[in-house]
Amino acid sequence: MAGDFTLLAAVSLLSAFQQCHFARLVGKSRMKHKVMPPAVTGAPEFERTFRAQQNCVEFYPAFLTVLWITGCFFNQEIAAILGLLYVFARYKYFHGYVQSVKGRLTGFYLNLIVLACLGILGAVGIVNSFLDEYLHFRIMKKLSKLI
Amino acid sequence: MAGDFTLLAAVSLLSAFQQCHFARLVGKSRMKHKVMPPAVTGAPEFERTFRAQQNCVEFYPAFLTVLWITGCFFNQEIAAILGLLYVFARYKYFHGYVQSVKGRLTGFYLNLIVLACLGILGAVGIVNSFLDEYLHFRIMKKLSKLI
Amino acid sequence: MAGDFTLLAAVSLLSAFQQCHFARLVGKSRMKHKVMPPAVTGAPEFERTFRAQQNCVEFYPAFLTVLWITGCFFNQEIAAILGLLYVFARYKYFHGYVQSVKGRLTGFYLNLIVLACLGILGAVGIVNSFLDEYLHFRIMKKLSKLI
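Protein chains in written order, with numbering that gives the first Met the number 0: chain U, 0 to 146; chain Z, 0 to 146; chain P, 0 to 146.
Keep in mind that a hint or two might mislead.
For identical chains, the list gives no copy identity; a pair is met inside one copy or between any two copies.
[Stated by the list, open to error] Taking lysine to any residue and the SDA-like style, the derived pairs with C-alpha atoms no more than 25 Å apart in a straight line are:
#1 Lys33 - His20
#2 Lys27 - Asn127
#3 Lys33 - Tyr133
#4 Lys27 - Asp131
#5 Lys27 - Ala38
#6 Lys27 - Cys116
#7 Lys91 - Met30
#8 Lys31 - Tyr108
#9 Lys31 - Asn127
Treat the hints as calculated values from the structure; they're not laboratory data.
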């Protein structure tokens with residue numbers, strides 16, 4: 000069964016590595032600016048780095064949820080591509096935020112767009128699955144036959 | 000296979016939307032009280048809003064875990080109903096907390112009750128699955144035959 | 000199908016209980032040191048307790064991701080054992096951190112080692128699954144035949 004979700008699992012693993020990498024960069028920033036744990040305030044650059052990582056942490060479970068729902072209920076390949084785009088947007092966001100407060104915006108808006116796409120496609124997939132299950136109305140199969 | 004978990008997926012998607020919505024409300028509160036990132040301190044109302052969202056973030060992965068375990072190992076419909084109740088309790092909690100520190104309590108206790116129910120039912124489901132797998136002792140089937 | 004993942008689900012449920020337990024200990028520390036919500040600063044012991052829990056929260060979704068990927072794509076038993084080790088390491092980390100800033104280090108390094116193992120084994124499992132799916136090259140089966 001696992002083989003059916005290899006692409007989703009690969010993107011999830013990549014994003015988990017990224018989360019750990021961001022946590023490591025916060026640790027490095029602690030050393031650089033001599034902000035000893037448990038403090039989370041200090042040099043502005045450290046505070047931006049910490050906040051950037053926190054924002055990534057806040058959205059990560061929601062991202063995984065919409066990624067897997069879109070992958071399972073809509074289309075795995077499309078979900079995986081959007082997932083890769085999300086990882087890239089988080090990279091832009093994090094490193095932009097470390098540079099400056101304004102620097103986070105490009106990555107941030109790209110993140111929101113990707114999350115919105117995954118959320119909408121996931122909702123479409125679930126509605127289709129409900130129609131199929133309870134009304135035996137296979138809209139997606141009919142659409143794909145038309146195309 | 001995805002079709003077997005449509006209810007759980009629908010509740011998960013709803014909760015992911017809610018998490019994103021809470022993050023947006025924190026952003027709006029930043030604007031309203033002029034708390035510029037990366038700061039997370041300022042007007043009391045902003046601090047309550049931020050803390051409310053942080054608490055939702057902290058419990059979210061644990062919620063998803065017990066929701067899916069209860070849904071897969073005990074009963075999907077019961078898990079989905081408890082999941083909806085959790086989303087409602089988080090709504091009460093968040094908006095109550097924004098109003099006042101005491102306002103969070105109703106939603107908070109409802110959250111805890113729902114989490115405890117999901118955790119206990121999930122544990123029952125797993126114990127049953129272990130008994131079934133290793134001792135070939137199908138307690139749930141026997142119980143349902145009795146009823 | 001659920002029965003195939005009983006071990007992974009059991010470890011996940013245990014870790015979810017642990018997350019809730021840590022949140023409860025932060026609440027108790029609030030009472031003890033009279034740090035009223037939404038404040039998150041105050042007595043050093045409270046700040047260490049809070050930071051310890053926050054760190055557990057930050058890594059939790061990434062842990063679940065690598066646990067399930069290793070369990071589904073590599074080997075469920077090995078993943079479950081590493082998962083138990085992670086829960087134990089988090090226990091050491093949390094209670095060590097509550098005692099002193101240095102006290103967190105043993106648990107922290109053990110956490111990192113377990114996460115790295117899960118991440119590497121998960122990646123091996125996914126690469127093997129890709130080879131199997133797209134090149135029909137079943138490296139794991141050949142290896143197990145040799146042994």
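Hints, verified against the model:
no. : hint           : in the structure
1   : Lys33 - His20  : within (20 Å within a copy, 31 Å between copies)
2   : Lys27 - Asn127 : neither (47 Å within a copy, 34 Å between copies)
3   : Lys33 - Tyr133 : neither (60 Å within a copy, 49 Å between copies)
4   : Lys27 - Asp131 : neither (51 Å within a copy, 39 Å between copies)
5   : Lys27 - Ala38  : both (14 Å within a copy, 20 Å between copies)
6   : Lys27 - Cys116 : between (34 Å within a copy, 22 Å between copies)
7   : Lys91 - Met30  : both (23 Å within a copy, 23 Å between copies)
8   : Lys31 - Tyr108 : between (29 Å within a copy, 20 Å between copies)
9   : Lys31 - Asn127 : neither (52 Å within a copy, 40 Å between copies)
In summary, the structure is inconsistent with hints 2, 3, 4 and 9 from the numbered list given earlier, while agreeing with the others.
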